Amino acid sequence: MSTSFFQIEEQWSFRILRMRSSDGMNRLTRCRVLALTAEIRRLAQEPLPLVITGNDRFFSAGAELGEIGALDGPAAYEFSKMGQTLMSEIECFPVAVYAAISGYCMGGGLDLALACRHRIASPTSVFGHRGAALGLITGWGGTQRLPRLIGKGHALAMFVAAAKVSAQRALDLRLVDALAPDPVALAGQQIMNRHLV
Amino acid sequence: MSTSFFQIEEQWSFRILRMRSSDGMNRLTRCRVLALTAEIRRLAQEPLPLVITGNDRFFSAGAELGEIGALDGPAAYEFSKMGQTLMSEIECFPVAVYAAISGYCMGGGLDLALACRHRIASPTSVFGHRGAALGLITGWGGTQRLPRLIGKGHALAMFVAAAKVSAQRALDLRLVDALAPDPVALAGQQIMNRHLV
Amino acid sequence: MSTSFFQIEEQWSFRILRMRSSDGMNRLTRCRVLALTAEIRRLAQEPLPLVITGNDRFFSAGAELGEIGALDGPAAYEFSKMGQTLMSEIECFPVAVYAAISGYCMGGGLDLALACRHRIASPTSVFGHRGAALGLITGWGGTQRLPRLIGKGHALAMFVAAAKVSAQRALDLRLVDALAPDPVALAGQQIMNRHLV
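If you read the sequences in order, they're chains A, B and C.
Note that our numbering gives residue 201 to position 195 of the first sequence, counting from 1, and the numbers run on in steps of one.
Note that our numbering gives residue 185 to position 179 of the second sequence, counting from 1, and the numbers run on in steps of one.
Note that our numbering gives residue 62 to position 56 of the third sequence, counting from 1, and the numbers run on in steps of one.
Wrong hints could be hidden among the right ones.
Claimed, not checked - Mimicking DSSO-like on lysine-lysine, the simulated pairs with C-alpha atoms at most 27 Å apart in a straight line are:
no.	chain 1	residue 1	chain 2	residue 2
1	A	K170	A	K87
2	B	K170	B	K158
3	C	K170	C	K87
4	C	K170	C	K158
5	C	K170	A	K87
6	C	K158	C	K87
7	B	K87	A	K87
8	B	K87	C	K87
Hints were generated in silico from the structure; no laboratory data involved.
Because the structure is a prediction, the values reported are computed rather than measured.
With the sequences and hints as input, model every part of the structure.
Below you can see the structure in the form of structure tokens.
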């Protein structure tokens with residue numbers, strides 16, 4: 007399976023969903039969100055552990071703000087709902103889902119990573135969320151999942167300051183489970199260890 | 007097809023979708039609702055009459071209140087939407103859907119039974135809906151379908167009192183179409199009689 | 007693939023989705039919207055250019071107003087969401103989608119045509135949208151897409167006056183791309199020319 011939004015790489019005992027885009031930013035446009043949702047549903051029919059990843063510079067730059075700005079009320083709300091559906095499908099995936107993060111993991115992209123059961127990041131990855139400033143995007147579950155993961159105080163700071171968080175800081179906050187130069191490789195290794203014994 | 011939420015049993019000319027869960031209560035959690043929706047959509051591609059059932063003690067205990075309580079506003083609303091989508095998919099299933107009910111059939115579980123075209127219950131089954139007390143759950147269509155089926159007065163009484171209704175009373179109210187010691191067997195028999203002549 | 011709502015006709019290098027209904031009006035009922043959404047998703051898995059059409063008298067008469075009237079608030083909102091989802095799936099279809107329009111193309115049916123990339127109409131086709139008068143139906147994206155296509159002034163006039171627009175006027179407004187006695191045939195020809203060179 008290969009579309010303009012992602013490609014699926016079948017490994018021996020798991021799958022890699024590699025997001026891709028012409029500008030490399032893997033923006034979560036409406037059409038990408040729909041395509042990812044359909045693919046997650048399809049993969050869930052014959053589930054294998056799944057590693058979701060991007061490229062070296064971007065896991066995902068998040069939602070497409072230009073697109074959101076062009077939406078009127080109901081359409082913006084629908085877009086928010088679409089994202090929530092994608093996050094729920096990932097969260098409910100019958101077997102483990104790993105986010106393997108290199109580069110920027112921002113906004114809706116961070117929401118997506120938070121919906122995965124495990125997060126492994128490269129030492130140069132960067133995390134951020136515009137949080138409260140953009141009510142819409144935080145409708146994707148990040149405002150719920152982040153506090154549960156790293157505590158209310160840190161999450162609030164991250165949202166309010168819209169601060170960029172380094173990989174090391176993300177590890178300290180337990181926003182990610184581990185750092186590795188090649189996050190996809192470590193995810194694959196953990197899948198072999200944890201799920202296939 | 008078999009997941010932790012249900013299994014599909016292929017009969018000669020119809021299918022049984024048997025809900026299951028580790029605690030036997032078949033709670034309509036977010037993930038179960040998503041899994042059931044995906045399965046109903048899948049079955050609709052090559053439709054056969056369908057019997058939805060649970061176990062002897064529970065058809066379904068309804069939504070997972072703990073889960074709902076943990077949701078913030080948008081997420082709770084999304085959960086309500088998910089349930090509505092499941093009910094619509096059942097209601098729009100291209101051929102007949104039967105609910106074969108034993109034991110408790112409560113709240114969202116009753117909504118699900120009401121979305122089916124026919125309901126057959128065991129003499130020991132019990133029905134109930136928390137109704138108005140829980141605005142959220144009644145967002146699954148029960149507040150609409152129940153009055154249409156049993157009349158406004160009876161439905162209101164059932165919601166407001168949150169009373170448990172016995173199988174015999176449910177039959178008198180025409181909330182169910184028939185009682186039978188083995189509801190799945192009678193559903194199967196009715197399918198053979200009605201749909202395959 | 008053939009249901010009571012549509013049939014799929016496989017051509018050499020594209021597909022025709024022909025809506026059908028017992029009364030010929032191709033009303034966008036809740037069940038039809040769900041069935042179309044499922045089919046568009048299914049076709050997107052192995053995409054070919056798609057021509058959506060109706061019959062000689064009706065592309066589609068739009069949503070089922072009687073059905074909408076019977077819905078309470080949350081259900082009506084869900085219905086609006088369902089339609090938006092269908093429109094988004096069409097808009098995000100990986101290859102070109104053509105609306106081939108004969109006869110009436112009204113309300114939600116016009117929203118559907120507007121979600122397609124191209125519109126070809128017969129000289130006797132008629133367009134209309136109840137617009138502002140029915141907040142609900144315009145929730146399907148027509149109020150956004152129409153102004154983008156034909157300009158704010160013309161769109162407003164069309165909504166407010168709820169005027170019926172002739173095929174020739176629709177062409178002048180660039181609401182449709184071309185007129186042809188057999189819109190499906192021209193769509194097929196354009197697909198051959200544009201997409202298969």
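The hints, checked one at a time:
no., hint, verdict
1, K170/A / K87/A, "holds, 26 Å"
2, K170/B / K158/B, "holds, 17 Å"
3, K170/C / K87/C, "holds, 26 Å"
4, K170/C / K158/C, "holds, 17 Å"
5, K170/C / K87/A, "violated, 33 Å"
6, K158/C / K87/C, "holds, 24 Å"
7, K87/B / K87/A, "holds, 9 Å"
8, K87/B / K87/C, "holds, 9 Å"
Consistency with the previously given hints fails for number 5 only.
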